[in-house]
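Spelled out, the chains give:
2 protein chains.
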Amino acid sequence: MKKPLFEKLAIVGVGLLGGSIGLKARGDNLVEHVIGIGRREESLQKAQDAGAIDEFTLDLKSGVKDADLVILATPVCHIVSILPDVMGSAKPGALVTDVGSTKVSIVNAAETVATGNGALFVGSHPMAGSEKSGVEFSRPDLFEGTTCFLTPTPRTSLQAFASISQWWRALGCRLAVARPERHDALVALISHLPHLVAVALVRAVESFKEDQNLIKGIIGNGFRDTTRIAEASAEMWQDICADNSAEIRKAAAAFMESLSSLLSAHDGDLSQLEAAFLAACEYRKSLDER
Amino acid sequence: MKKPLFEKLAIVGVGLLGGSIGLKARGDNLVEHVIGIGRREESLQKAQDAGAIDEFTLDLKSGVKDADLVILATPVCHIVSILPDVMGSAKPGALVTDVGSTKVSIVNAAETVATGNGALFVGSHPMAGSEKSGVEFSRPDLFEGTTCFLTPTPRTSLQAFASISQWWRALGCRLAVARPERHDALVALISHLPHLVAVALVRAVESFKEDQNLIKGIIGNGFRDTTRIAEASAEMWQDICADNSAEIRKAAAAFMESLSSLLSAHDGDLSQLEAAFLAACEYRKSLDER
Numbered sequence: 001m002k003k004p005l006f007e008k009l010a011i012v013g014v015g016l017l018g019g020s021i022g023l024k025a026r027g028d029n030l031v032e033h034v035i036g037i038g039r040r041e042e043s044l045q046k047a048q049d050a051g052a053i054d055e056f057t058l059d060l061k062s063g064v065k066d067a068d069l070v071i072l073a074t075p076v077c078h079i080v081s082i083l084p085d086v087m088g089s090a091k092p093g094a095l096v097t098d099v100g101s102t103k104v105s106i107v108n109a110a111e112t113v114a115t116g117n118g119a120l121f122v123g124s125h126p127m128a129g130s131e132k133s134g135v136e137f138s139r140p141d142l143f144e145g146t147t148c149f150l151t152p153t154p155r156t157s158l159q160a161f162a163s164i165s166q167w168w169r170a171l172g173c174r175l176a177v178a179r180p181e182r183h184d185a186l187v188a189l190i191s192h193l194p195h196l197v198a199v200a201l202v203r204a205v206e207s208f209k210e211d212q213n214l215i216k217g218i219i220g221n222g223f224r225d226t227t228r229i230a231e232a233s234a235e236m237w238q239d240i241c242a243d244n245s246a247e248i249r250k251a252a253a254a255f256m257e258s259l260s261s262l263l264s265a266h267d268g269d270l271s272q273l274e275a276a277f278l279a280a281c282e283y284r285k286s287l288d289e290r
Numbered sequence: 001m002k003k004p005l006f007e008k009l010a011i012v013g014v015g016l017l018g019g020s021i022g023l024k025a026r027g028d029n030l031v032e033h034v035i036g037i038g039r040r041e042e043s044l045q046k047a048q049d050a051g052a053i054d055e056f057t058l059d060l061k062s063g064v065k066d067a068d069l070v071i072l073a074t075p076v077c078h079i080v081s082i083l084p085d086v087m088g089s090a091k092p093g094a095l096v097t098d099v100g101s102t103k104v105s106i107v108n109a110a111e112t113v114a115t116g117n118g119a120l121f122v123g124s125h126p127m128a129g130s131e132k133s134g135v136e137f138s139r140p141d142l143f144e145g146t147t148c149f150l151t152p153t154p155r156t157s158l159q160a161f162a163s164i165s166q167w168w169r170a171l172g173c174r175l176a177v178a179r180p181e182r183h184d185a186l187v188a189l190i191s192h193l194p195h196l197v198a199v200a201l202v203r204a205v206e207s208f209k210e211d212q213n214l215i216k217g218i219i220g221n222g223f224r225d226t227t228r229i230a231e232a233s234a235e236m237w238q239d240i241c242a243d244n245s246a247e248i249r250k251a252a253a254a255f256m257e258s259l260s261s262l263l264s265a266h267d268g269d270l271s272q273l274e275a276a277f278l279a280a281c282e283y284r285k286s287l288d289e290r
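Protein chains in written order, with the working numbering: chain S, 1 to 290; chain U, 1 to 290.
Hints in this document: simulated from the structure, not taken from any laboratory. Where hints are given, some of them may not hold.
No distinction is drawn between identical chains; accordingly, a pair holds when it is met within one copy or between any pair of copies.
[Unchecked claim] No farther apart than 27 Å at their CA atoms in a straight line, the calculated lysine-lysine pairs in the DSSO-like style are these:
hint, residue 1, residue 2
1, Lys209, Lys250
2, Lys65, Lys216
3, Lys3, Lys209
4, Lys216, Lys285
5, Lys132, Lys216
6, Lys209, Lys285
7, Lys46, Lys61
8, Lys65, Lys8
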């Protein structure tokens, strides 16, 4: 049997992502012990029953103090708010990372407080998850084949970076490395904007106040696919959007311009419209190729 | 064995939809004979080899003249342009319908010319299909469980309406009935707008000129789902958008307003943003319920 990568893992927030990390870590013997930390005993008990954690506590500081690896898996603004306590309570040499969907504010918060007893922070963003949330949807293979961003800065310890890289690879991730600012611009474009667009589409349909049974009967796979992500956690997305607002605006401006030019082409030169459709079709297909 | 519903079926345009109609009609003995009509011998031969049609011709008028049921399955503007020849060549009492994604211009065109030898037109829109096109993707169960719009007008023959209803039910469709104008407004909202939005999203990402391999590595299921329909046939969609432009603009205006209000909520009252996300989530979930 391979030696575990870490002795003790603390997961703060044992939902879909935290729970899946725990299941994989315990199932593959990546760590010797997993402690779950959260705000509600009931859901931590559920996580323990599901086999995602060995034990749990509601006390953040005592929960992280013996851990060799701490993973913060709560909504973005909560991560920012607990980082001072986490970095202040973790033991010297402990590694701290997170799964937040934005990175600038989290990495800044960590580096501002990372002067205490020497815990080392590296920002992560495993791009896994779905419109489901909650530990009951956790699965050990959630990360298999997904991409995990690592967002080191000039202040990041190389050794910590290497260990965290090894960790996510053990969970099945491919790695992408980018500065926090570049990460936030990229995800605004390929993740946050599509989410807002899906929500706006659903809201637009709702605003016409059509009979819901009629709408149910006539929506096809196109509408279903395009709007599926609008079912994702409102709390999580409220956080992401507020945190990455500036980058999302830039991406949304490009999108609005693109949509407006499609709409004006309707009444003008149709070959221009077809050219736009063909270009989108080709670009989209190229993204599917392996 | 049940008696076929019609003796001779003529399918004009044997692509994904036309081919699937042929496969189902022949496989279930809904008709005795199927003739395919098209512009390219090569693709008609492919349709015949696939078992979607019994024979084919490149000559529209001679192809439809003995048919008891004629189904027009070409792009919208082509349907409009061939309707005079079809209605003028079909035999007295023959039924003519179509699968076009817009209905006002097609039904108008049919009713303008339906004074000839007494062929009867009823507009149909089976909401089947996918981002794939071409007879090679045809399957007899393509229509199973999908909704088919029928768009009668005060001038529609009740008997023709009943026969066409029976036809689509035999293909596996649920029926929805609406006047052509109402149909076009509804599909602008739940089908055409989502398509344009998907195309605009893809174009927006492309406009940032990021390294394509990086983008490929980091796009997740959210982006993939939201933009899948952008891979659909450019020719077909160019046609639809041009034809239904006014209704699409109304739907797009509601969408843009909804997206703008989400973007302004980012920097303002976050509870408003969360409320919008929650409402979208609930409405979207309600559309999944059976």
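Status of the hints after comparison with the structure:
1. In this assembly of identical chains, Lys209 and Lys250 lie within 27 Å of each other by CA distance solely across copies; the values are 14 Å between and 31 Å within a copy.
2. When the C-alpha separation of Lys65 and Lys216 is checked against a cutoff of 27 Å, the pair qualifies neither within a copy, at 51 Å, nor between copies, at 39 Å.
3. For the identical chains of this complex, Lys3 and Lys209 are neighbours neither inside a copy (60 Å) nor across copies (44 Å), given an alpha-carbon limit of 27 Å.
4. For the identical chains of this complex, Lys216 and Lys285 are inter-copy neighbours only, at 10 Å across copies versus 29 Å inside a copy, given an alpha-carbon limit of 27 Å.
5. In this assembly of identical chains, the alpha carbons of Lys132 and Lys216 lie at most 27 Å apart whether taken from the same copy (21 Å) or from different copies (23 Å).
6. Taking identical chains as interchangeable, the C-alpha atoms of Lys209 and Lys285 lie at most 27 Å apart only when they sit on different chains, with a minimum of 16 Å there against 35 Å within one chain.
7. Taking the shortest Cα distances, Lys46 and Lys61 sit within 27 Å of each other inside one copy (22 Å), while across copies they are farther apart (69 Å).
8. Taking the shortest Cα distances, Lys65 and Lys8 sit within 27 Å of each other inside one copy (10 Å), while across copies they are farther apart (80 Å).
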